[in-house]
Every structure is written in C-alpha cells, then in structure tokens.
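Okay, here's what each chain looks like letter by letter:
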Amino acid sequence: MQRALRPKRFHQLWPFYLLAAPGILYFLTFHYIPMTGLILAFKEYSPFKGMMDSPWVGLDNFRQFFGTSDFYMLLKNTLLISLLNLIIYFPFTILLSLLLNEVRLKVFKRVSQTIVYLPHFLSWVVIYGITISFFGPSGVINHYLGQWFDGSANFLVSNEWFRPLVIFQSIWKDAGWGTIIFLAALAGINPEQYEAAKVDGASRLQSIWHITLPGIKGTIVILLLLRLGSSMDSNFMQIFLMTNSLNLDVSNVFDLFVYHVGLEQFNYSFAITVGMFKSVASLILVLGANYAAKLLGEEGIF
Amino acid sequence: MKLKATWFDTIIVVMICLISLLVILPFLYIIAVSFSPPGDSMAGNFFIWPKHWTLDAYSYLLNANTFLTSVKNSVIITAMGTVLSLFVSITLAYALSKKFLPGRRIMLLVIFFTMIFHGGMIPNYLVVKNLGLIDSYWAVVLPAASSAFNIMVIRSFFQSLPESLDEAARIDGAGEFRILYSIVLPLSKPIIATFTLFFMVQFWNEFFSAVIYLNDTSRWPIQPLLRQMVAISASNISAEAAVDASLAANLGPNVQNAAILLAMLPIVIVYPFLQKYFAKGAMLGSIKE
Numbered sequence: 001m002q003r004a005l006r007p008k009r010f011h012q013l014w015p016f017y018l019l020a021a022p023g024i025l026y027f028l029t030f031h032y033i034p035m036t037g038l039i040l041a042f043k044e045y046s047p048f049k050g051m052m053d054s055p056w057v058g059l060d061n062f063r064q065f066f067g068t069s070d071f072y073m074l075l076k077n078t079l080l081i082s083l084l085n086l087i088i089y090f091p092f093t094i095l096l097s098l099l100l101n102e103v104r105l106k107v108f109k110r111v112s113q114t115i116v117y118l119p120h121f122l123s124w125v126v127i128y129g130i131t132i133s134f135f136g137p138s139g140v141i142n143h144y145l146g147q148w149f150d151g152s153a154n155f156l157v158s159n160e161w162f163r164p165l166v167i168f169q170s171i172w173k174d175a176g177w178g179t180i181i182f183l184a185a186l187a188g189i190n191p192e193q194y195e196a197a198k199v200d201g202a203s204r205l206q207s208i209w210h211i212t213l214p215g216i217k218g219t220i221v222i223l224l225l226l227r228l229g230s231s232m233d234s235n236f237m238q239i240f241l242m243t244n245s246l247n248l249d250v251s252n253v254f255d256l257f258v259y260h261v262g263l264e265q266f267n268y269s270f271a272i273t274v275g276m277f278k279s280v281a282s283l284i285l286v287l288g289a290n291y292a293a294k295l296l297g298e299e300g301i302f
Numbered sequence: 001m002k003l004k005a006t007w008f009d010t011i012i013v014v015m016i017c018l019i020s021l022l023v024i025l026p027f028l029y030i031i032a033v034s035f036s037p038p039g040d041s042m043a044g045n046f047f048i049w050p051k052h053w054t055l056d057a058y059s060y061l062l063n064a065n066t067f068l069t070s071v072k073n074s075v076i077i078t079a080m081g082t083v084l085s086l087f088v089s090i091t092l093a094y095a096l097s098k099k100f101l102p103g104r105r106i107m108l109l110v111i112f113f114t115m116i117f118h119g120g121m122i123p124n125y126l127v128v129k130n131l132g133l134i135d136s137y138w139a140v141v142l143p144a145a146s147s148a149f150n151i152m153v154i155r156s157f158f159q160s161l162p163e164s165l166d167e168a169a170r171i172d173g174a175g176e177f178r179i180l181y182s183i184v185l186p187l188s189k190p191i192i193a194t195f196t197l198f199f200m201v202q203f204w205n206e207f208f209s210a211v212i213y214l215n216d217t218s219r220w221p222i223q224p225l226l227r228q229m230v231a232i233s234a235s236n237i238s239a240e241a242a243v244d245a246s247l248a249a250n251l252g253p254n255v256q257n258a259a260i261l262l263a264m265l266p267i268v269i270v271y272p273f274l275q276k277y278f279a280k281g282a283m284l285g286s287i288k289e
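Chain order of the listed sequences is A and L.
In terms of full-length UniProt numbering, the first sequence has 108 at position 108, counting the first letter as 1, and numbering is strictly consecutive.
In terms of full-length UniProt numbering, the second sequence has 91 at position 91, counting the first letter as 1, and numbering is strictly consecutive.
Only chain L is shown next, with the shape it has when bound in the complex (with noise of 0.2 angstroms):
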C-alpha cells in the first residue's frame, strides 16, 4: 500500500520538526557564539550564523592550561571508573546470574534495598572523608562503581543465556574464570557495550563528587571547571573566587561557549554508537524475572 499524506501526517510531522528545532538550534546558537568574535554576539547582531569566523576561543582554551588539566583530569577518571565499574559491576552480575549459589537471595535483596533507601549526601561525605579519599580520583571513582540498577540489567543479560552452554564446557573440564573469560564473555558483547559507553558518559558528565570530594582545583575535571566558566558572566551570580584568574580575565562569550562545546563534544561522538545500543539497554532494564 501506498503511503498517502492526509492533514493528520502533516500536523504531526510540523510538531515533530518545531521540537526537532527546539532541540537543535541551541546548538547551532552556541557553535556560532563560539566561532565569532566577542564583541558580534554582544552586539548580537547574528544568530545561526556568524558574520565573521575566528578560532581565537579555540586556540585560547587549548592553549590555557587550567582547561587542559581540567581535560586530563576528566580522561583520568572517566578511563578509571569505567574500567571499575565494568568489573565490578560484571563480576558481581554474573555470580548473582547462577541460581545454584547459596546467599544469592539474601545479596539482591542487600543490593536491592539501596535503590529505595541510603545514607544521603552527608554519611557519604563521612565515609569518603574517613577512607582518606579526599583530593584523590577514587573520590570520585569509587562511589559511583556501581548500583544497583546496573547489577539487575547485566544479571537479566546473563540468566537470558543458556545454561547448557557452562555446563558443557563444565564438563570439558574448564575452571569457572575461563568460562567467564572465553565463553560468556564474547557473548556479552552487546550489553558491555552498552555498559562501556553508559559509564564513559556518566563518569565524563560527573560534577557534583568533583565539587565536594576535590578540594584541590588542580584536580577538577571539566565539569566543575566549565560551570565557574559559565557562572561568571552571569554577573550578579555571586561572584567565586575563581580557579584561575587569567582564565576569569579571557572570558568572552566565545571562549565559554567553545569550553561548553568542547565539554559535550565526547558525548557527541560517542552518541551514534550509544544510539546503536541505548534502546536496548533501555529496555533491557523492565525486564523482571
């Protein structure tokens, strides 16, 4: 059959592209903002498109070395935390996945529980601070390992995969690491994927652990770091005494605009795969037993 276009497509499809543009044009607004020079989008006098092109807020922030440490920064945790989570998160998962093991019942149900009740932000704090954890990556590392969300998603992944499948090699006489290693692993690929990319994302959007646990400046990633960026020109923001203050000093709209950009532009790359797996993962995380 033919698809013919009546009123109703039409309405729907104009709904459709108004939100569409709503989603797209800050984003066009602020790669304009960042590749003109300070003193056109004061006047603003584009929108979408700059009158006059400059790299200049580029090659400032790539040339500014709070910024550069703060990316470092932000490579560092995001490559150590998704390295934990994944094995913490997957080793865990997977003996929970075997009904034979005794506890099992009574270890979901400890890692259940903390989905409906914690700590809150203070005994957090306390035990962050008592584990000597201040001023280190790992204060901003190892709380957010893992949750209890993730154990449940990668356990469903593993009970969906057949249990001949360990037994046989059970049977050829392979130890319990190797067949975690050669034989479920390399099935896994899809949702380690997924995991790999949720957590490189999570660990690169991290703010709010870097705010409280990192006192020392020299280690914040860029989060933090962009938010003092972007507070200061909104002027009657109280004023923080800022990380660097011949960053403060270059401020223009240009430049914050480029750190914000340069801020997202990981998530942007990673999104088309994430894309290719996040509707599953997604999904992945109705599934009951």
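The following block holds chain A by itself, in its conformation from the complex (with noise of 0.2 angstroms):
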C-alpha cells in the first residue's frame, strides 16, 4: 500500500527530472564543462587554432613548471600561510569557542557572540579598506608610531609584514564564525559530568581539561583533518587584494600565479598546467585527509 503511493513510473517521475534539470545543467555547465579545459594543459594554446586543433606538447608545460624555481616560491608561499593558520587563527578559534562556552551569563554571551560573528559577513574587500585605513602609510597606526616613536612601517607593502597581517585578518574575520561548530560539539557534553566533576572537587580548569577538551576532540580532529586537506587553497580573495608588487615574494600563491599567467599574461596552457597541478594535489590531500579521519576511527569527512 505504501509503495503504491510513490512515483515509479515515467509519467509519474517527470515532474521530479524536470525539477532537477536546471541545477543538473548548472552543474554540467559551470563545473563539469571547465574540467574538459583542463586538457589545455597537454596543448599549447592558439587562441586562432581553438581549444580543440591547438597542437598537443605531452608533458612539456609540467616539465617547464617543476623546472623552473617559481613552483617552489609557490609551493611555500601556499603552505606557509596554510601552515601559520593552523598553528595559530585555528587554536585561537578553539581558545575562543573555550571561553564564550565558560560564560554562564547569559546575556553577556549572546551579546559577543553578536559582536564576534558579525565580521564573518563583510566582503574581503570591506576588511581591506578597513586593513588600509589601519595599516597603511597615513593609517591610524602608523600616525601614532610617528608621535609616539617617529617611526614608521611599510605594513602594506613589505614582505615581513605580509604574513602576520594576512593570519590577522582571518583571525579577526573568521575566528568568531568558526566558534559555532565548536559551541554546537561543546552543546552536547552531558552536564551531569561537570556535576560530577564539581562533586569531585575538581577545579574549572580541570574540568575544562577532563570534560571539555575530550568532549569535543573529535571536531577538533575532524577540522584540523579538513584544514591539513585544503592545505593547497588558499584564501584567494584575501591574497588577490593585499598582495603588491613589493611582497610579491611572499604573497605569490598558486591561485594569484594562475591569475597574472592566465589573465594578464593571457598564457592560458601554462596557467591551466598550474591550476590543474594545484586541483589534483588538493584531491588527494582531501582524499588523504578522509582516509585519516576513518583511520583514527572518527566518521570522516564524507
């Protein structure tokens, strides 16, 4: 009798195919369709010859990649800020999620997380001009540093400055956003065990260190899983816009690399060669990542 209540015939199921069919062909479209560009990176592309009667050149365009120092400048660029988010913006996130979880006034914790969520939502270009209007050469930072010690930083563009100000703008963006995984995980802890704790004459650290931390270990393995995966992407936004010609040295990602090789230079074989490297390195790093989610017995990514 259920059964016969369900769809299952043609006539039945259009309705449900034709629902599908635009998001089908969006997908098909925008996704799957640039894929079959990626066949330019075993090509030398003529724009006069087209995609298809573009002479193939093998492996020629990687070869000249992995020759030249470029693919290591990239490669440590990319893991670098990667790298510093992880050890930094990721356990500040944590710290954060700890504190606003220790807060037992209400209010008080709705309201900063109010404040603290709110940057999350502004566009990457919105947090540059508010970076300039800080950081840059007649920036409020660098008024006081005149008076205070007449001196003055090239935070803008100078290479050593890159980096910390970039981990800061995610933190200062992100890190408030990236507390309700945490607070959800940490919304699940049984109370009856702090209870028991307190009982126990356990102290709050402690009970943060027992309780807490366990509790929500496995989000925390399960994130840092998913952030050691996307080591190869970068924040492209972030980068495109503070990056100059004067930290090019430590800002050039593989992401901003595609962008001047392929849209300014309009080198597409090259810069596709570049990006195709990137995407099939970060797949495996994905793939890796979940496969040491499962292995350390957690549900995995997907």
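The set of hints was computed from the structure by calculation and includes no laboratory data.
Computed from a prediction, not measured in an experiment: that's the story for all the values here.
Errors might be hidden in some of the hints.
[Said to hold, decoys possible] Here are the simulated PhoX-like pairs of lysine-lysine, each with C-alpha atoms no more than 20 angstroms apart in a straight line:
#1 A:Lys8 / L:Lys189
#2 A:Lys217 / A:Lys294
#3 L:Lys72 / A:Lys8
#4 L:Lys276 / A:Lys109
#5 A:Lys106 / L:Lys276
#6 L:Lys129 / A:Lys49
#7 L:Lys189 / L:Lys276
[Claimed, not checked] Partial list, derived from the structure: chain A residues whose beta carbon lies under 8 angstroms from chain L:
#8 Gly23
#9 Phe30
#10 Gly37
#11 Leu100
#12 Phe121
#13 Phe168
#14 Trp172
[What the hints assert, rightly or not] Among the chain L residues that face chain A by a calculated CB cut under 10 angstroms, a handful are:
#15 Tyr58
#16 Met107
#17 Pro123
#18 Val127
#19 Pro143
For each residue, glycine too, the CB sits at the ideal point set by N, CA and C.
Fit chain to chain and form the complex, with the hints in mind.
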C-alpha cells in the first residue's frame, strides 16, 4: 500500500526530472565543462586554432613548471600561509569557543557572540579597506608610530608584514564564526559530567581539561584534517587584495600565479597547467585527510 | 542556585570584552573618520569621536555618479543572483530529496564530486567567455548560481519533512508541482529565509568575478569600485587607471571610509535577521544521512 503512493512510472516521475534539470544543467555547464578545459594543460593553446586544434605538447608544460624556481616559491608561500593559519588561527578559534562556553551569564554570552560573528559577513574588500585605514601609510597606526616613536612601518608593501597581517585579518574576520561548530559540539556534552567533577572537587580549569576538551576532540580532529586537506588552497580573495609588487616574494600563491599568467599574460595553457597541478594535489590531500579521519576512528568527512 | 562570580569568571569576561572591543573599535574608527573633515583625520587628533562633524563625505558620495551606478549594479546583481540561486538550488535539492527517484545517486555523486575537484580559474573563465557572457551581469550571477554544499544542506532539510505529507496530497490528486508549491515550500520557510539571506550576502560581497568578467567598468558592482577607491590611498601601491578621475581626485579619508561603511551597510542591516537563522543554517551543513 505504502509503495503504491510513491511515483514509479515515468509519467509520475517526469516532474522531478524537470525540477532537477536547471540545477544539473548548471553543474554540467559551470563545473564539468570547465574540467574539459584541463586538456589545454597538455596542449600549446593558440587562440587562432582553438581548443581542439591547438597542438599537443605532452607533459612539456608540467616539465616547464616543475623545472622553474617558481614552483618551489609558490609551494612554500602557499603552504606557509596554511601552516600559520593552522597553528595560530585554528587554536585561537578553539580558545575563543572555550572562553564563550565558560560564560555563565547568558545575556553577556549572546551579546559577545553577536559581536564576534559579524565580521564574517563583511566582504574581503571591506576588510581590506579597514586594514588600509589602520595599517596604510597614512593609517592610524602609522600616525601613532610617528607621534610616539618617530617611526613608521610599511605594513602593506613589505615582505615581513604580509604574513602577520594576513593571519590577523583571518582571525579578525572568521575566528568568531569558526566557534559555532565547536560551541555546538560543546553543547552536546552531558552537564552531569561537570556536576560530578564539581562534587569531586575539580576546579574549572581541571573540568575544561578533563571534560570539555575530550568532549570536542572529535570535532577538533575532523576540522584539523579538513584544514590539512585544504592546505593547497589559499584564501584567494584575501591574498589577491593584499598582494602587490613589493610583497610578491611572500604573497605569490598558486591561485595568484594562475591569475597573473592566465588573465594578465594570457598564457592559458601554462596557467591551466599550474591550476591543474593544484586541483589534483588538493584532491589527493582531501582524500588522504578523509582516509586518516577514518583510521582514527572518526566518522570521516564524507 | 544563585550565580556567584569567581576570579575565574572575571578573567573570562575580561578576555571576551577585550576580544569584542578589538572587533568593535575598527568600526567606530571608520565611522568617526567618515564624519570628520579630512584635515582632522590626517592630523590624527581624534580616535573614535570626531572633533568636528561633517556630512561632506556622504553628500559627495550620494551625488557621485560612478558610486551610485555601482550601487545600482550591486542591487541588480544581488536581486538576480538571489532569485536564481534560490530557484536552482531548491528545485534540484527537492528532486534529490526523493529517495524513489531513479538516477538520484548518480546525480548526487556528480554534484558531490564538484566539492573536491574543479577545473579552476582559467577553464571557468573560458567557459564564461565562450558563452558570450563577458560584460554582462550574468557572468557574475550564473557561475555562482549554486554549490554542492547548498544542495546538500537544503536536501537534508527536505528529507526531514515527513513523507506521509506528500503521499496524502498525492491521494488527494495534487500534482507534484502543486505539492512542492503549496505544501512543501510553506513548511520550508526557515531554510528559505536562511538561504535568501546567505545568497544576498554572497552576491552583495561578490568581487573577483566582477573584476575578471566585467571589463566595462560602468557594469561594476560596489566591491571592485571600493577596492579602487581605498587602494589609491595606499600611495605606493601601483596606481591603477582610476575608473573615475573626479572621484579619485576627491578621495579624502572621509570619502573612503564613508564608502567602506556604505558598502557594508546592507550586510549590517540584514545581520540581525541573519543571526536568527545562521546558527541553524551553519549546523545543518554537518547533518549527514
């Protein structure tokens, strides 16, 4: 009886295929057709001959890419930013979650959450604008540096300041938002555990160490692996805005290189080669991260 | 039990206050600069409370054609993008929420795979270019119309609705579109509200696709224009050809910061509504079958 109520024949099913059609068409057009463009990595693209008739060059583009010092520079810059985010931004997010979780005054907790979540919704251009207002040559920080120490710093146009600024921006924009997933995990911890610990005379720091942290261990491990899996991805919007010719030694990451080579120098084949290397490396990392999560007895990312 | 504040509570509250202050201060400073005459902020003789109040920056921006055009473009892109994204995502997610649909697993796999592998920037660019979308609003809207993540989240919501609901409607002879429109959608208001807000924020904040797909700067939304307006002041950053020479000439710190504020204003306005839904929305993402 139950079964009979569910559409089974085509004349009953076609409305669902019709509903799915625009979305499927979207994924094919804007996700799968671009994948076919990857064959240009194995060709020397000529705009006059088009994608199909451009001559094959085998792995020449890849050889050229791995043979240059550019490759090592891009790999180093990309991974270093990811690593800094991993060891500074990520623990900061956990720390902020623990702080918020320890607040006992509900109103105070809600107000501070409202405040720290907000920057997540601002565009990177707005964040960049605020950064310039503070760290730019005539920004407020340089003003006080001049007034108090008679000095100034080229925050936005120097190799030394690029990474600290980028990490600071990431924390300012997203650390608050990043607490949501931890706070949800924290809410799942049985309150009886805390009461039992209290009866046994545990201090609150001891409770955090022995109850709270183990309670969110699974979430931490999964998010850590997700981050490792995406180490080849930079926050491209952020980097694109913060980069300039004076900090390119440290700000040049894979995506930025692809942009410069592809859309400024119009060397499509080489840009696609670099982009393809990044996509494939990311895929391997993500699958590896998922495998590792399952090895560790977690549920896995997918 | 009455709450008794201990030194531990005090430390926690103080640390959170400091962090919150770090978030709020930049906003206050931006507001203050936008309401101060340029001379004041360059001399740096105030921080978060202007010494002299002036509306010059705002009256200038609200009369500058380039700026108004970019706001108009942003509004159009946001409206087009939000409607299209809602339509594409909801219809596909609804179809995929039906376990009886043959081919559902393959479609899900096709969608899921885009989460972990993609062609990349240049192949995407070539597709948009070959479709003849360069310099059209569609170039910004279409490539961002949906994502695997959105589909998965909305689909898991639809799956949480009781199946007996549409079965009952089917017995009563309602067509599938009718069921979706008059039964499922009214029950899905929370998820639709969440995604409407997320899409609005996403398209209002869209920046990079406008830079690469819109050569005609009269089509530019607000974000790329704002970027040019603020980048000019970081004087040793390579001077780009300014979109509008008179706008560039009038760029005092007050105008720049007023532009930053106006660019974030719509976000701040919808933020209270966003906040009502986003925790739910963000958590829905982690629901798995």
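These are the hints, each one checked on the structure:
1. The hinted pair formed by lysine 8 of chain A and lysine 189 of chain L fails the criterion: a straight-line CA distance of about 29 angstroms is larger than 20 angstroms.
2. With a C-alpha separation of about 14 angstroms, the suggested pair lysine 217 of chain A and lysine 294 of chain A falls inside the 20 angstroms cut-off, and the hint holds.
3. Between lysine 72 of chain L and lysine 8 of chain A the alpha-carbon distance is near 48 angstroms, which puts this suggested pair outside the 20 angstroms criterion.
4. Taken as a hint, the lysine 276 of chain L and lysine 109 of chain A pair is honoured in the structure, with Cα atoms around 15 angstroms apart against an allowance of 20 angstroms.
5. For the hint linking lysine 106 of chain A to lysine 276 of chain L, the alpha-carbon distance of about 16 angstroms falls within 20 angstroms, and the restraint holds.
6. About 16 angstroms separates the Cα atoms of lysine 129 of chain L and lysine 49 of chain A, which keeps this hinted pair within 20 angstroms; it holds.
7. Of the supplied pair hints, the one linking lysine 189 of chain L and lysine 276 of chain L holds, its CA atoms being roughly 13 angstroms apart against a limit of 20 angstroms.
8. The interface hint given for glycine 23 of chain A holds, since its Cβ lies 3 angstroms from the closest Cβ of chain L, which is under the 8 angstroms cut-off.
9. A hinted interface residue such as phenylalanine 30 of chain A counts as satisfied when its beta carbon comes closer than 8 angstroms to some beta carbon of chain L; here the least separation is about 5 angstroms, so the hint holds.
10. Checking glycine 37 of chain A against chain L: minimum C-beta separation of about 3 angstroms stays under 8 angstroms; hint holds.
11. Checking leucine 100 of chain A against chain L: minimum C-beta separation of about 7 angstroms stays under 8 angstroms; hint holds.
12. With a cut of 8 angstroms, the hint placing phenylalanine 121 of chain A at the interface with chain L holds, because the nearest CB-to-CB distance is about 5 angstroms.
13. This hint is violated: phenylalanine 168 of chain A has a C-beta 10 angstroms from the nearest C-beta of chain L, more than the 8 angstroms allowed.
14. Using the Cβ-Cβ criterion of 8 angstroms, the hint placing tryptophan 172 of chain A at the interface with chain L is satisfied: the shortest such distance is roughly 7 angstroms.
15. Annotation: tyrosine 58 of chain L was flagged as interfacial toward chain A, and the flag is violated, the nearest CB pair being 16 angstroms apart, outside 10 angstroms.
16. For methionine 107 of chain L, the shortest C-beta to C-beta distance to chain A is roughly 6 angstroms, which falls under 10 angstroms, so the interface hint holds.
17. With its C-beta approaching chain A no nearer than about 3 angstroms, proline 123 of chain L sits inside the 10 angstroms limit, and its interface hint holds.
18. Against a cut-off of 10 angstroms between C-beta atoms, the interface hint on valine 127 of chain L holds, since the closest Cβ of chain A lies about 5 angstroms away.
19. Below 10 angstroms, beta-carbon pairs count as interface contacts, and proline 143 of chain L has one with chain A at about 5 angstroms; its hint therefore holds.
Checked against the numbered hints listed earlier, the structure breaks hints 1, 3, 13 and 15; every other hint is satisfied.
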